[in-house]
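Q: Next come the chains, spelled out residue by residue.
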Amino acid sequence: MADQTTNSVAFVADGNIPESPPPANETGVVKWLRDNLFSGVTNSILTILALVLIYLLLKNTLPWILNGVWNANSLAECREILAGRTGACFAVLTERWPQLIYGFKYPVDAYWRPNVAFVLMLIALAPVLFFDLPRKLLIITAVYPFVAFWLIWGGTILVPVVALLGCVAGGFVFQKAGKNSFAAGFFGAIVAALVVWQAGGWLIPEGASENAWLTAVPSRDLGGYMLNMMLGLTCVSLSLPLGIALALGRQSRMPLIKWISVVFIEFVRGVPLITLLFVASVMLAYFFPPESTVDLFLRVVIMITMFSSAYIAEVIRGGLAALPRGQYEAADSLGLDYPQAMRLIILPQAMKISIPGIVNVAVGLFKDTTLVSVISMFDLVGMIRGPILASTEWNGVYWELWGFAALVFFVVCYGISQYSQWLERRLATDHH
Amino acid sequence: MKKTVFLGAFTVAGLAAVAASAGTMDDVKARGKLNCGVTTGLVGFAAPDANGEWKGFDVAVCRAVAAAVLGDASAVEFVPTTGKTRFTALASGEIDMLARNTTWTFSRDVDLKFEFTGVNYYDGQGFMVPKDLGVSSAKELDGATVCIQTGTTTELNLADFFRSNNISYEPVPIETNAEAQQQYLAGACDVYTTDASGLAATRATFENPGDHVLLPEIISKEPLGPLVRHGDHEWGDVVRWTLNALISAEELGITSANIGEMSAGTNNPEINRILGTEGTLGEMLGLDAEWSKRAVAAGGNYGEIFAQNIGEETPIGLARGLNAQWTEGGLLYSPPFR
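Read top to bottom, the protein sequences are chains A and B.
So for the first sequence, our numbering puts the first residue at -8; every next one is plus one.
So for the second sequence, our numbering puts the first residue at 1186; every next one is plus one.
Same shape as in the complex, but just chain B (with noise of 0.2 angstroms):
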């Protein structure tokens, strides 16, 4: 009973607590559910639709990890994390993995104690203003007053990049996107700056989204990619494997659709090694032959992914950029398996 449970918990806390390190994939496949960190609610990124199923571009990792460990891509307890809370959650082992637009820095991996398992996405700070500025170029803003979020990296990437070019500006500091968003619209600033994926949703919003422009500008890294526990390297690896195998299923052309007809042998012994049918890379990973397969069926290849939630096709209209494949000019470039 619920009460028993109550009482008993501080006394089991000491025990469970060891068993809790014995190791996430083995809690996850005892539990038959992975617990995914993601955020309250991000457009194209993450969130529940009318029908409470999650849907979005850091969702679709957590399914295909899903899937690949567990066989089901819908074995997925999806934990709302806001800003303030994602990293304890995953430090305190709420949460197996967090996929929620986290940029990858120097501090995050290595202080806070985490391990970035791959770039999903690789974002950076950009600018849009209306198109009746005329203005083409970020380095034309001299006394511009900009939108700004406080608190964030875009704060302090802003202030470089003002006076790495020797122009002014004015800041309007505000909260939170939505903030930002009724301000701009307002006229209280001619520039609103952030992460350009956010821009290009944001721009999508509105009543007439032709009357604004992104410059062309991007002046920081943003790579942001799923994370997991500092130390436990067997699961840090299915994660980053899985994200990888997206990654080269579209390199090589896999996709949900021939997927099936792929898997009955090509000759391509990478296509074969992925799909399972040649090699034991499953086994090394501690998993079955076929989970790699599994996980490219659950939502698609990167591309599909891509395209599906925050596609030119889409209202949010990303164009791919630097989240090409390398061999097209962008920086996906994932480690080849074998």
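The following block holds chain A by itself, in its conformation from the complex (with noise of 0.2 angstroms):
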């Protein structure tokens, strides 16, 4: 019995047991997969379903893309290089590319002024985008419209130098005159650069940009993803300030400026932005005598910034909608005037509210610039759709070309999303 009571207990444990993996079913890839694929009956059907569906697309586009023809120069020679194997004619992009990015008119020993204006361009994005930089950058900003501007149209370099006094001048009349009164300041600026730009067109001789160190290249030469990208800059850049002076306009109490505004956003945002370009390429022609147009690209500039600038001004004004009567009140029990609330106070929350919308009308103007190739404008739909096309080499190759327009356009508007969301959690002030 001694025996039975010492083994009566059969397992004393007198320290942990080791700890051992957990089963194979609960970890690593096969948990994961049991838990975000094979959860059960329906999710696994699907999960193989989409499986099948990815392999089925791969299976198709893997040897196109891979089996890709380079070098070629013609459509012909592609297939001849391919014997009868699938394989895309990426050759078109080589051959072609060029004129893809600058459009088939620009002097070609002239590409690098363009190059550099988009180094520029981001650098002088960057302290606009990022307000952690070092707030003495924005000189590179102000300045850098009017180098650009020198740098793509070439031509005497008084042009932008002169424009740029007149601005100079406008908001140094601002920041003089614009102390006491807002309007005295605003209109004051806006005379002082007339007459500045007036006097410089005076001054500077006839036929200047002749003999230019940059050749003169007019506008009509410009083309490729370099006039989508100039358009869609500056259109942006300008329906920003056009739009936040439209929504407050509208929220006027002067009633001359807030029908100007609602008479302003209401018409041009029904009007089909193609509508507007024709107007711009076609009926505007009409009223100018033959000689002495407005620069095409000036005219679509306007067009494109006053429909953006509507749609701005109405994503704003749902921006100042949404903030509580109390901020308007804050604002003048302090005692701050109109342009001083509005910009210290109302504005800020506004436009923090409408981020997404801006980014939304900004993503969509990028894109409409490439309804410019129904007014010949060879932007980058416009070379596609009538030089490339229809030239003997390459009518036929139609995959490879719209498939690099949409990556590049996709590469830019999933860049703009990113940074708007980036900037939307940057801002977040709101305490979880």
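The hints are simulated quantities; they were obtained by calculation from the structure and are not laboratory data.
Check each hint, because a few of them may be wrong.
[What the hints assert, rightly or not] Here are the computed lysine-lysine pairs in the PhoX-like style, where the Cα-Cα straight-line distance is at most 20 angstroms: (1) Lys1298(B) - Lys1269(B); (2) Lys96(A) - Lys1218(B); (3) Lys1324(B) - Lys96(A); (4) Lys1324(B) - Lys1240(B).
Make the complex out of the two chains shown on their own, each in a separate frame, by following the hints.
A: Next comes the structure, spelled out in structure tokens:
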């Protein structure tokens, strides 16, 4: 029995049992697969279907991409090289690369100019987009439009210099006169700028652009993706301030300003962009004499800017409407006047609310720049639809060209969207 | 400066509108450049090549006119126009002439106030079918699905043709030629119909052009030609006779190769009149004596231009057909130079 008593307790643990790994089903890849892909009958079926779909997609596209021909002079040559295999003819992209990027008339020896303008653009945009950077960098941003104009269009440097001086004069007058009265500063600035421009116009000698260091390039010769970028950037940056002004104008208590804003917004928003572009390219030519028309690029910029500023105005009005009434009253009770209240209290909050909407308009606008191809400007889409597909060498290449166009637009638009999400996170002041 | 131009443009508009009507020829000479409207791109007829140089059958007409008027075939500003902007561009004076495979029709000539200065290509609507279909005539197409561009005269022509032959068809409406190519190749339609020159150019881009045939029926008349604004007859004459000079040059055997030799004088008085060694034809037009010599020298005679851009040696491979000289059974018939 004694044995029995000693053995009555079969096992006494005198320490922790060593940790063993979790069951194979509950760890690593298997668990992840079970949880995420095969967590039930329906999900398992869906997973398998998705895998089959991905397989089919890759099976058909991968050989096409991997077999792609990058060096050939025509579609026929591509087909010869492929000799019956499936494969893309990316050679069209390499052969027509300069045309896709710069258009077909931009002087070849001047390609470096848009390139430099592009790099400078990144530098000039940085302090605007990322406001943690030193504020002094904004000087570069302010000068950039004039430098870029000079680089891309060439001609005499006096034109951008006079334009810059006009803006500086306007800004100076605004600083001086605007302290007491916003209106005096505003209109004084416009008058000062016009005076400087007019005077500069007389001073610049006739034909100064002819022997300039950078050969002058007329607007008609711009094209390719460069044109999309230029239109997109110019119109977004112009339509944002204009949209803010229109949104505030629409809320104004002054009937004239209010009604001008309302009529403008409602009219422009009620008209398709393509109609405005046709007006810009076709109808305006009837009103101007054949020799002294306003530059086509400028006409298109005006129309697209009008169009998108009306949309941005409505987006910002939404932001303004979302602010509680107390914010306006708080500003008033601090004794701030209208410009101060708007600048310091109302707009920063309203703009933050409007970011997704503004980005939405900006992305839409950037893609809408391809519409200029219907008024025979050769942007990226215009180049593909017109000269490249109409050349005897490349007629019949569709997937490669349109895929490329989709890709470059996606890169930029996705970039804009990612930036806006970063901006929203960065500006979030509410506490969770 | 640009701003001044911008502000002044409104006020100057009224004054200059008067000045602009002084005469297109004077404007062109003063400018030193011919503004010529072309397509934004049509295979063989007008498209810039990899170097940005405009090339094509319509482009050659522009160059010939520039050579005749300005003495320089490269003094042309090509203004690309779409089907929608071409007429306003011409009417507003943005371009001096339009050479954009435009069909000469009554309403365009009369109602839109333009003047067609001749025909440089006789086109017509045709049909393309896959060889496998085993069809040899459009009249056997009963019940076929037909890819057709919407909103064009081809749509109406098609309906007329099938109705008058008492056969039925099912239209597959498409928007552009590019879309049509894809639809047709994908088998969404049995037949593709558009202008015969367009069909040939489209077929030339297929991977296996031999698998498709053009049916012999041509069901419409599409005379394509350059046009100018109504009312400026001096300028219209210049464009008309430049085109005629190209056609006559082929008829008389003047080519870009032998033109130097022939302009030394021949025993054919008409050749001499064209090349300016006899008579005062150039003076009558308001140009110098060698205008048509330069026009022909610019890109060759009509036949050479045709062969170079759209002829059988090119990938497009169009036969002369209706566009042969009248002496060879075609329709090209230039009035005499005398």
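Q: Run through the hints listed earlier and report the numbers of any the structure violates, in increasing order.
A: 3 and 4
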